[in-house]
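Protein chains: 2
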Amino acid sequence: MSLENIKKYEFGKPLNTGAVVVDIPKTEGIPTGFTYDEGSKEITTTLNKKDVVYGLGETIRGINKRGWLYISNNADEPHHEETKHGLYASQNFLMLDDGNRCFGIFVDNPGIVQFDIAYTDADKFTIRFEDNDTYFYVIDGKTPYEIVSSFRELIGRSYIPPLWAFGFGQSRWGYKTADDVREVARRYKELGIPLDMIYMDIDYMQDFKDFTINPERFPDFEAFVKEMKDEGIRLVPIIDAGVKIEEGYDVYEEGVKEGYFCKKEDGTNLVAAVWPGKVHFPDFLNSAARKWFGDKYKLLTDAGIEGFWNDMNEPAIFYTEDHLKEVFAEIKDYENRELDIWGFFAFKNLIGSIDNNPEDYRRFYHDFDGVKVRHDKVHNLYGFYMTRSAGEAFERNNPDKRILMFSRSSYTGMHRYGGVWTGDNTSWWSHLQLNIKQMPSLSMTGFLYSGADVGGFGGNTTEDLVMRWTEFGIFTPLFRNHCALGGREQELYQFGKPEDFKNIVELRYSLVPYIYSEFMKAVLNNGMYMAPLSFEYRDDERCREIEDQLLVGDSIMVAPVYEQNKTGRYVYLPEKMKLIRFRSYNDFDEEILEAGDHYVKAELNEVLVFVRPGKALPLTKPAKCVDDLSWDDLSYITFDADPESYDMYKDDGISRL
Amino acid sequence: MSLENIKKYEFGKPLNTGAVVVDIPKTEGIPTGFTYDEGSKEITTTLNKKDVVYGLGETIRGINKRGWLYISNNADEPHHEETKHGLYASQNFLMLDDGNRCFGIFVDNPGIVQFDIAYTDADKFTIRFEDNDTYFYVIDGKTPYEIVSSFRELIGRSYIPPLWAFGFGQSRWGYKTADDVREVARRYKELGIPLDMIYMDIDYMQDFKDFTINPERFPDFEAFVKEMKDEGIRLVPIIDAGVKIEEGYDVYEEGVKEGYFCKKEDGTNLVAAVWPGKVHFPDFLNSAARKWFGDKYKLLTDAGIEGFWNDMNEPAIFYTEDHLKEVFAEIKDYENRELDIWGFFAFKNLIGSIDNNPEDYRRFYHDFDGVKVRHDKVHNLYGFYMTRSAGEAFERNNPDKRILMFSRSSYTGMHRYGGVWTGDNTSWWSHLQLNIKQMPSLSMTGFLYSGADVGGFGGNTTEDLVMRWTEFGIFTPLFRNHCALGGREQELYQFGKPEDFKNIVELRYSLVPYIYSEFMKAVLNNGMYMAPLSFEYRDDERCREIEDQLLVGDSIMVAPVYEQNKTGRYVYLPEKMKLIRFRSYNDFDEEILEAGDHYVKAELNEVLVFVRPGKALPLTKPAKCVDDLSWDDLSYITFDADPESYDMYKDDGISRL
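Protein chains in written order, with my numbering: chain A, 108 to 764; chain B, 108 to 764.
Check each hint, because a few of them may be wrong.
[As the list claims (entries may be wrong)] Lysine-lysine pairs mimicking DSS-like chemistry, simulated, CA-CA at most 30 Å apart:
(1) B:Lys156 to A:Lys609
(2) B:Lys604 to A:Lys231
(3) B:Lys385 to A:Lys439
(4) A:Lys673 to B:Lys191
(5) B:Lys231 to A:Lys673
(6) A:Lys455 to B:Lys439
(7) B:Lys673 to A:Lys231
(8) A:Lys544 to B:Lys191
(9) B:Lys371 to A:Lys455
(10) A:Lys609 to B:Lys231
(11) B:Lys673 to A:Lys683
(12) B:Lys731 to B:Lys336
[Said to hold, decoys possible] FRET-style restraints, in silico, Cβ to Cβ:
(13) B:Glu596 to A:Glu323: 53 to 61 Å
(14) A:Asp230 to B:Asp429: 52 to 60 Å
(15) B:Glu502 to A:Ser147: 53 to 61 Å
(16) A:Thr227 to B:Glu466: 38 to 46 Å
(17) A:Leu700 to B:Glu466: 55 to 63 Å
Source of the hints: derived by calculation from the structure; they are not laboratory data. Think of the CB as a built atom: it goes at the ideal place given N, C-alpha and C, for glycine as much as any other residue.
Please work from the sequences and hints to get the whole structure.
As structure tokens, this is what we get:
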């Protein structure tokens with residue numbers, strides 16, 4: 108492999124994070140155009156007025172990251188607000204493009220890293236390290252695509268899920284019994300809305316213990332898995348990072364016996380609390396522990412399970428035993444004295460900052476294959492290595508099968524083992540908009556199998572929000588409606604117009620041949636599944652500011668409606684395109700629109716797709732699940748396309764497991 | 108006065124809230140088109156597909172309120188998020204318009220009221236009362252303007268601030284000394300940025316006691332007020348609702364002696380805690396207490412102060428003494444038992460819900476001029492009556508002077524005594540957008556002197572956000588940059604391009620003759636200062652969905668840029684207009700644009716204004732403060748306007764106090 112356009116710099120004594128799969132020879136010195144200050148642990152460059160800064164994968168704010176302070180510090184952060192500095196995942200890859208010169212940087216550092224992108228100073232881009240033992244890659248290229256492709260070659264091929272994972276999935280934190288799940292399946296079937304997956308959130312487990320099934324609420328689990336699969340539906344259980352401390356629980360007992368859990372300075376296992384109550388955290392950075400935990404998934408795959416989602420793996424910490432003791436000791440002080448108002452705030456803050464407390468991440472250690480490392484130094488690797496644990500096990504134990512796997516927390520490198528969902532968002536219109544902006548950044552970093560909780564996880568949704576979000580979700584590889592206990596129920600049968608939802612989901616199924624083919628091309632060619640317009644139309648100044656239209660694969664552009672009470676939106680066309688206004692897979696308008704600005708109508712039940720010139724969009728007939736789709740009988744919506752150019756959708760030579 | 112187009116219905120035995128100033132005869136029965144269910148306390152109507160629902164004054168979400176559940180329940184709510192149900196103020200006026208038929212409703216009820224506007228059911232509008240003793244007005248009219256005008260006649264003339272209050276104000280929670288304030292004045296003067304007001308947040312007081320000045324940090328306050336006024340700058344102090352419990356503090360002692368504070372069931376004064384620590388709440392609903400508290404402002408007006416802002420008057424409650432005791436008793440339980448994870452959440456929630464706890468609002472009572480009323484039944488009146496207390500005192504004690512007064516909490520009726528700011532927003536781009544949407548709703552309800560904290564109160568802002576927000580803020584009557592302790596400093600001199608800020612603020616000063624004249628017309632004619640396009644262009648379907656362009660007065664439309672990293676935006680013109688792209692009051696492009704859709708460039712330092720056909724926009728030369736502006740030497744940007752039509756700006760016959 109030749110990646111001569113990539114330079115690797117090394118500061119201090121960096122750890123090998125596992126992000127990179129190609130050994131690039133080290134370049135001495137400081138990258139051209141940057142200044143490095145070892146004392147302040149800062150590396151800085153100047154931004155041109157025209158520089159657009161892309162990257163950082165799943166995080167908040169825009170496609171163009173200019174004008175904010177981002178911090179790579181994986182966190183259980185359900186409040187995806189503009190004032191936050193990051194979310195569940197850290198992808199330290201960025202690309203600067205002023206229209207003439209573009210280059211990428213990848214900061215391979217597993218600890219906390221700040222990216223001050225024209226925040227403190229409107230013309231400066233500064234990276235601040237908490238620990239400046241780091242690899243620093245600079246990637247040259249003539250175009251954004253070239254840079255992305257080189258970066259992706261550097262970090263290895265993206266994870267490929269099974270074909271059925273491109274269907275629609277329904278989830279809710281709140282399905283407590285097999286009958287709850289059956290009811291979801293029944294309601295979807297009744298309405299004829301396709302469905303491939305029902306997700307099982309934490310309640311399927313016995314007392315939230317990983318790799319257990321509650322036998323009262325899910326009797327004869329294996330038969331139930333089969334019953335659902337016979338209906339065309341896969342059950343996809345959640346796995347959490349923390350292992351419940353409970354005598355007699357094999358995972359706990361084995362982990363203790365073998366020393367597979369993360370330890371405190373004094374060598375005892377850290378006691379944290381998450382859903383199961385008190386837990387130990389498996390030391391996924393230790394390869395023996397990783398193998399041991401990964402093999403546990405076999406319990407479920409042996410029962411017929413073919414997919415999982417890994418959660419709480421930042422790791423989220425509700426509290427640690429040690430810190431909670433300290434807190435209760437402090438409370439006594441507050442109780443015994445007259446509280447002034449600042450004392451009251453200090454008291455509130457004491458309690459309010461128990462969860463995910465930064466101090467707790469300094470209380471425990473990893474055995475990183477022989478090297479003892481304090482957790483905070485490698486914090487951003489934890490979710491990656493948990494998912495790697497599963498992924499390596501699947502390769503060992505299920506070598507001929509693709510297993511669905513995605514994770515909440517991640518770091519570069521995890522993209523080889525699984526996808527991501529963007530975590531616990533909220534039923535906000537602005538989070539639908541955020542989802543649109545996150546997708547191309549995720550594509551850049553190789554997290555191709557990704558998507559958001561359609562309809563919003565937290566809060567109470569509305570029918571129109573679920574509708575508009577579903578209309579965008581049909582284009583994301585991971586397409587799942589998910590919501591939280593306590594919020595308004597949002598399965599597509601909960602609202603007044605199920606027919607409209609049916610049409611939209613069926614459209615997804617019609618698009619699966621296209622989506623799958625384009626997804627696989629992005630995997631195999633290190634390409635973008637969803638891209639900003641500016642990647643393709645680099646000379647078009649207007650495209651540099653467009654963050655609400657995306658290229659999806661090679662043939663189409665989408666322009667989702669993401670505002671309430673709107674029945675239309677503005678669309679900019681960098682070239683002549685054919686508008687398809689879909690109401691369903693077989694009910695749509697076609698209109699050729701000239702390059703330029705257009706106001707395009709889109710009623711609540713209409714989806715806007717634009718076919719690019721010379722391209723074709725294949726459609727198949729929808730079916731109740733992906734397995735039932737025909738790949739031989741495709742119809743095409745084309746725009747001046749040569750039939751030979753799109754014959755490949757029928758037989759693209761890409762395996763469909 | 109004849110308001111025959113207004114029908115008043117009465118359910119149960121409503122209180123007189125003071126919202127209304129015209130006595131409308133009672134109509135028996137249920138309003139046509141509504142159903143009323145006394146048992147469920149619900150009144151419901153059906154929405155047409157085309158109905159746009161306007162109103163509710165300051166609250167979250169869009170100009171069109173369809174698709175959400177709003178709750179009138181004034182709250183100290185700094186998280187202005189889409190999932191919230193309301194903010195600091197309750198204005199229960201709404202208007203439905205399907206393009207053919209329009210009508211208004213005003214629900215005069217001082218307690219908690221829910222407005223389920225196509226939230227539960229996409230076709231239904233349901234009002235749910237906690238207490239259905241209520242007045243219910245239905246206002247007919249041929250146009251939105253007619254309905255607004257009738258409603259405003261019903262509720263009385265809006266508050267008029269002094270002329271200088273149309274200048275720019277700088278605020279920050281964090282100016283602790285006279286020298287801090289002098290420094291702000293000095294920096295603005297140095298850069299030549301006009302400034303009329305510096306706001307004094309809670310730190311000017313002695314221990315946060317209303318109507319006191321800290322003598323060490325503000326020695327010789329009267330001289331300091333004069334010193335600032337000689338520079339053209341008014342000091343505007345904050346007044347909080349709670350009165351500190353402190354022996355020897357005259358306000359406290361008088362209030363106790365006269366029985367002017369809110370009492371618990373047992374007749375003792377409620378003890379709550381806010382900034383000063385423990386406080387009593389003046390019973391503003393009692394006219395004697397109201398007079399007493401209002402007269403206290405004289406202490407400050409006698410020292411030369413000419414303006415105030417009333418804060419914390421929902422009232423905000425950090426805790427009540429009684430509830431805190433209960434909490435600490437409960438904590439003991441938690442301490443003594445093994446916490447399971449649900450116990451832990453209950454514990455967190457116990458502490459997290461101490462502030463503004465709904466139970467606390469049921470612990471105290473008002474003497475509503477002879478009627479003992481539990482606070483929660485009249486909760487939404489508290490801020491109104493605090494501001495009425497001040498406003499009535501100003502009429503008594505300063506009859507020949509206009510005093511600046513605005514409040515955080517409000518209810519309909521308060522608009523006669525003061526303006527509002529939209530409370531503690533955050534440095535979010537989406538809150539700039541929210542500000543744009545709030546303004547016309549505030550105009551409808553008579554809160555004409557209003558605006559948001561420009562740049563955002565909470566969080567850390569960025570230069571570009573302050574710039575774009577300032578560019579919109581120059582059109583809001585209340586134009587104030589304000590931010591919170593602990594956040595990034597955001598005075599206009601804190602950033603890299605003060606010259607751009609200077610140009611924008613100077614443009615405001617050039618616009619003061621226009622803004623003031625249009626503001627006064629809206630006050631005197633019960634009109635809209637800022638209006639949605641759909642009010643004016645009612646037959647234009649497109650205008651019904653436009654929420655990011657506003658008519659400001661009679662001559663212009665504005666189209667603010669409210670997204671980061673954007674140097675242009677789409678604008679819809681319902682008719683031919685003249686675009687003015689302002690870089691400063693004397694540096695701008697003019698271009699006549701046809702009706703229809705346009706993509707219009709607007710660099711970070713550019714403001715887009717559109718002059719309507721037949722109209723003129725007067726400009727004066729900027730000055731360092733409003734008092735120094737010339738009203739005789741106006742220039743005009745006109746678009747096919749007859750000079751006679753705009754001569755009036757020179758001498759509009761409106762008093763300029």
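Hints versus structure:
{"no.": "1", "hint": "B:Lys156 to A:Lys609", "verdict": "holds (21 Å)"}
{"no.": "2", "hint": "B:Lys604 to A:Lys231", "verdict": "holds (15 Å)"}
{"no.": "3", "hint": "B:Lys385 to A:Lys439", "verdict": "holds (21 Å)"}
{"no.": "4", "hint": "A:Lys673 to B:Lys191", "verdict": "holds (21 Å)"}
{"no.": "5", "hint": "B:Lys231 to A:Lys673", "verdict": "holds (18 Å)"}
{"no.": "6", "hint": "A:Lys455 to B:Lys439", "verdict": "holds (16 Å)"}
{"no.": "7", "hint": "B:Lys673 to A:Lys231", "verdict": "holds (18 Å)"}
{"no.": "8", "hint": "A:Lys544 to B:Lys191", "verdict": "holds (24 Å)"}
{"no.": "9", "hint": "B:Lys371 to A:Lys455", "verdict": "holds (26 Å)"}
{"no.": "10", "hint": "A:Lys609 to B:Lys231", "verdict": "holds (23 Å)"}
{"no.": "11", "hint": "B:Lys673 to A:Lys683", "verdict": "holds (24 Å)"}
{"no.": "12", "hint": "B:Lys731 to B:Lys336", "verdict": "holds (12 Å)"}
{"no.": "13", "hint": "B:Glu596 to A:Glu323: 53 to 61 Å", "verdict": "holds (59 Å)"}
{"no.": "14", "hint": "A:Asp230 to B:Asp429: 52 to 60 Å", "verdict": "holds (55 Å)"}
{"no.": "15", "hint": "B:Glu502 to A:Ser147: 53 to 61 Å", "verdict": "holds (59 Å)"}
{"no.": "16", "hint": "A:Thr227 to B:Glu466: 38 to 46 Å", "verdict": "holds (44 Å)"}
{"no.": "17", "hint": "A:Leu700 to B:Glu466: 55 to 63 Å", "verdict": "holds (58 Å)"}
Comparing the model with each numbered hint stated earlier shows that all of them hold.
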